[in-house]
Amino acid sequence: MKTMKIYVIMFMTFAAFSLASCSDDPDGKWDPMVWKAEVPVQITDGVYNVSDTGDEFTFSCRNYSGPWMSEAVSNGEYFYPPRESNDYHTITTDWFKAEISGNKLKVVFEANDTKEERPLQLTVTAGDIFHTFRFKQFACTRY
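Under numbering that gives the first Met the number 0, the first residue of the sequence shown carries the number 0, and numbering increases by one thereafter.
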């Protein structure tokens, strides 16, 4: 009976140690997302410049294989993927569309026919890690 108690104590100790070391990466210690543009892009102070006539950007994530959309913000207005249809990979509005397939992000901007610049912050995630792309679409110069 005494040996049984020793085995139970040893098992409980082993179980406690194995539960305490379940995760290699504690929360908040994920590596930052590394994104690379597929073609050369114009960037100023961390903001991608978008032509008033429209543009298309393609980026690939180098260290996470399946990121998805979190949200987009422009002039205080929030845009989300259609989560109710279980789609976390696209955000579509009347002037831009962002889509992730695998580790590739494609953002397409329609022409800006207004006299105002259009800023856009697009945030993608892979769980506990987030990356925000910042874009600025120039105002129409054809007036």
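Honestly, the hints are just simulated from the structure, not real lab data. Just so you know, these numbers come straight off a predicted model, no measurement behind them. From the three backbone atoms N, C-alpha and C, an ideal C-beta is built for every residue, glycine too. Heads up, some of the hints might be wrong.
What follows is a set of in silico ranges between Cβ atoms, one per label pair, in the way DEER data are often shown [stated by the list, open to error]:
| id | residue 1 | residue 2 | range |
| --- | --- | --- | --- |
| 1 | LYS28 | THR140 | 29 to 39 Å |
| 2 | ASN85 | ILE42 | 28 to 38 Å |
| 3 | GLY126 | LYS35 | 32 to 42 Å |
| 4 | ASP93 | ARG61 | 23 to 33 Å |
Would you pick out the hints that fail for this structure and give their numbers low to high? 1 and 3
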